[in-house]
Amino acid sequence: MKIKNKTFRQNAITYAMVLLFYLICQGLIMSGNMSSLMKGLMVPICYYVILAVSLNLVVGISGELSLGHAGFMCIGAYSSAIFAVCVDGKIPEMAELLLALVIGAAVTAVFGFLIGIPVLRLRGDYLAIVTLAFGEIIKNVVNAVYVGVDENGLHFSMKDSLSLGLSENGIEIINGAQGISGLPRTATFTTGIILVFITLFIVLNLVNSRQGRAIMAIRDNRIAAESIGLSVSKYKMMAFVISAALAGVAGVLYSHNLSTLQATSKNFGYNQSIMILVFVVLGGIGNIRGSVIAAFILTILPEKLRFLSDYRMLIYAIVLITMMLFNSAPKAIAWRKSIKERFFSGKKAEAGKEAQ
Amino acid sequence: MEEKIIKAADVRQEKGLMLNVENLSISFGGLKAVENFHMQIKKHELYGLIGPNGAGKTTVFNLLTGVYKPDTGSILLDGENITGKHTIDINHAGIARTFQNIRLFGNLSVLDNVKAGLHAHYVYGTVSGIFRTPKFYKMERAMNEKAMEILKVFDLDEAASYKASQLPYGRQRKLEIARALATEPKLLLLDEPAAGMNPQETQELMDTIRFVRDSFDMTILLIEHDMKLVSGICEELTVLNFGQVLCSGATKEVLNNPEVIKAYLGD
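Order-wise, the sequence lines are chains A and B.
Residue numbers for the first sequence follow this note's numbering, so the first one is 1 and each next one is one higher.
Residue numbers for the second sequence follow this note's numbering, so the first one is 1 and each next one is one higher.
Keep in mind that the hints are not guaranteed to be accurate.
[What the hints assert, rightly or not] Listed next, the in silico EDC-like pairs over lysine to aspartate or glutamate satisfying Cα-Cα at most 16 Å (straight line):
no.	chain 1	residue 1	chain 2	residue 2
1	A	Lys234	B	Asp207
2	B	Lys85	A	Asp150
3	B	Lys228	B	Asp214
[Claimed, not checked] Below, a sample of chain B positions facing chain A; criterion: calculated Cβ distance under 8 Å:
no.	residue
4	Arg103
5	Leu104
6	Pro199
[Unchecked claim] Computed spacing ranges between beta-carbons, pair by pair:
no.	chain 1	residue 1	chain 2	residue 2	range
7	A	Ala12	B	Glu149	42 to 48 Å
8	A	Pro330	B	Glu149	52 to 58 Å
9	B	Arg141	A	Thr260	49 to 55 Å
10	A	Pro330	B	Ile261	28 to 34 Å
11	A	Arg342	B	Phe211	40 to 46 Å
12	B	Gly106	A	Gln178	39 to 45 Å
Just so you know, these hints were derived from the structure itself, not from any lab.
Ideal placement from N, C-alpha and C gives every residue a C-beta, glycine not left out.
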């Protein structure tokens with residue numbers, strides 16, 4: 001069917017774009033043409049893309065403004081980091097990373113479900129405010145927790161590391177605000193790209209399935225969706241939980257790219273949540289490929305603008321505004337359409353000539 | 001013994017009824033929006049619900065579809081008690097509706113709107129959907145065929161790939177009916193299907209409604225202001241005025257009833 005082919009082609013373009021990006025970067029790294037600064041950005045690009053795509057599932061596809069995405073990333077990062085410290089050196093690296101991804105996604109999905117129960121009863125601004133609060137709560141709770149392990153099992157405390165009461169050969173896992181240290185840095189650019197592919201695969205296929213159709217139908221008209229028997233709470237929850245689990249995966253990637261994991265307002269605070277939302281909005285709400293491109297550009301831009309020193313953030317803001325205008329201003333959309341039409345009609349005319 | 005026979009007769013009579021509403025009331029604060037409403041619709045019937053503005057017609061629809069919970073009364077659909085159930089369950093029990101102000105899934109394609117309606121009848125799991133198992137392809141193909149079949153009835157098959165919001169008004173109304181039909185209801189509720197249509201479109205719509213009733217073996221209840229449409233296709237009518245049933249019966253008799261004329265035209 002014609003329509004099916006169209007979505008298939010669109011999805012193929014998205015996958016091809018990510019693959020092309022991977023090959024170019026890999027080529028640059030192999031030939032030694034990439035600075036170490038840029039090399040360090042490769043994994044962050046991957047987790048930001050995953051975060052943007054997963055948030056787009058809630059904001060764009062499900063139509064609910066969620067501002068707590070960094071909180072889910074935090075849960076994924078911490079749960080996988082605890083696992084990593086516990087099994088450090090006992091199992092091979094690849095197996096550890098794989099298991100950490102599964103654990104990170106599962107734990108975050110459970111939290112996503114628990115948070116979703118109260119949050120998804122709300123709509124619009126209220127939902128945004130409550131998710132924002134949940135994000136902050138997660139970050140602050142994680143900062144106040146002390147966890148240790150010894151032969152008697154896990155120990156928890158909310159006071160300090162001494163009150164854990166660990167035996168002599170026990171290890172502290174989470175040391176309050178100082179976080180988790182001694183993490184294996186096993187995340188690579190390749191694993192990151194594979195995870196990006198998996199995320200895209202899940203989100204794009206979900207959107208083009210029976211479930212995705214139900215989610216978008218509920219977004220477009222809740223009352224009509226109920227009148228044709230679609231369960232609003234079930235499908236809203238589905239989008240929310242899958243999105244949270246993917247954010248958890250991004251968190252795992254984040255924690256496995258560092259040797260020390262700390263929850264600060266910079267990495268898991270609301271600034272981060274807003275940043276992810278900026279990726280989604282600039283890429284186009286509901287536009288998955290747009291999220292990928294926006295996350296990529298906006299992660300790399302601050303580094304590329306470093307030569308401007310003091311004017312860096314000024315130029316960054318100008319680029320943001322320009323991108324926004326290009327994407328959403330009616331005049332810009334009309335202009336893009338006219339360019340596209342000229343391009344396509346030119347093609348058609350040529351095809352006509354050949355036929356003659 | 002005699003009692004039993006009478007009960008059996010009652011059941012048989014009830015079996016002939018698609019919808020049996022009795023003593024239905026709801027009030028919002030002090031306002032009695034619908035009071036002591038009753039209506040019996042036989043299977044395969046085209047039934048009309050009319051009344052002046054603000055009489056409570058749409059409220060009755062909202063009560064039937066579970067948007068509001070009635071204060072008193074009972075609603076039996078094909079013998080099954082659906083009083084006070086949730087909208088979703090009522091749809092699964094067999095009532096589908098359209099809305100007075102069109103409610104389509106504007107950003108979805110025309111085809112997807114109908115496929116959303118087919119949701120409960122072509123089932124595959126989330127995992128199957130994400131990993132594209134053979135079941136996914138089988139179900140999607142069957143869904144596409146069924147949806148195109150329904151769209152063809154409404155002359156919308158060529159517009160299948162358009163966004164629903166891009167359709168002109170009259171065709172949006174048709175799409176809404178198509179989507180409701182896709183849920184395979186026993187009873188179809190149409191809330192002012194001809195609103196905003198020109199006479200030619202209305203004529204077309206009348207033919208379509210009749211066709212739907214006959215080819216899908218459907219029972220249809222409609223709210224309408226267009227008297228030409230009402231007298232043209234409805235077999236029986238109930239007239240609602242100030243939340244109460246003014247009269248009900250065969251269309252011709254009801255429309256010639258002096259009280260009905262008075263309610264519409266005033267003294």
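Checked hints:
1. Lys234/A to Asp207/B: Distance of about 38 Å is beyond 16 Å: violated.
2. Lys85/B to Asp150/A: violated, 54 Å
3. Lys228/B to Asp214/B: Not satisfied, since the Cα-Cα distance of roughly 20 Å exceeds 16 Å.
4. Arg103: holds, 4 Å
5. Leu104: holds, 7 Å
6. Pro199: violated, 28 Å
7. Ala12/A to Glu149/B: 42 to 48 Å: violated, 30 Å
8. Pro330/A to Glu149/B: 52 to 58 Å: About 38 Å separates the Cβ atoms of proline 330/A and glutamate 149/B, which means 52 to 58 Å is violated.
9. Arg141/B to Thr260/A: 49 to 55 Å: holds, 53 Å
10. Pro330/A to Ile261/B: 28 to 34 Å: This hint is violated: roughly 52 Å between Cβ atoms.
11. Arg342/A to Phe211/B: 40 to 46 Å: With a Cβ separation near 45 Å, arginine 342/A and phenylalanine 211/B satisfy 40 to 46 Å, so the hint holds.
12. Gly106/B to Gln178/A: 39 to 45 Å: Distance hint for glycine 106/B, glutamine 178/A is violated at roughly 51 Å.
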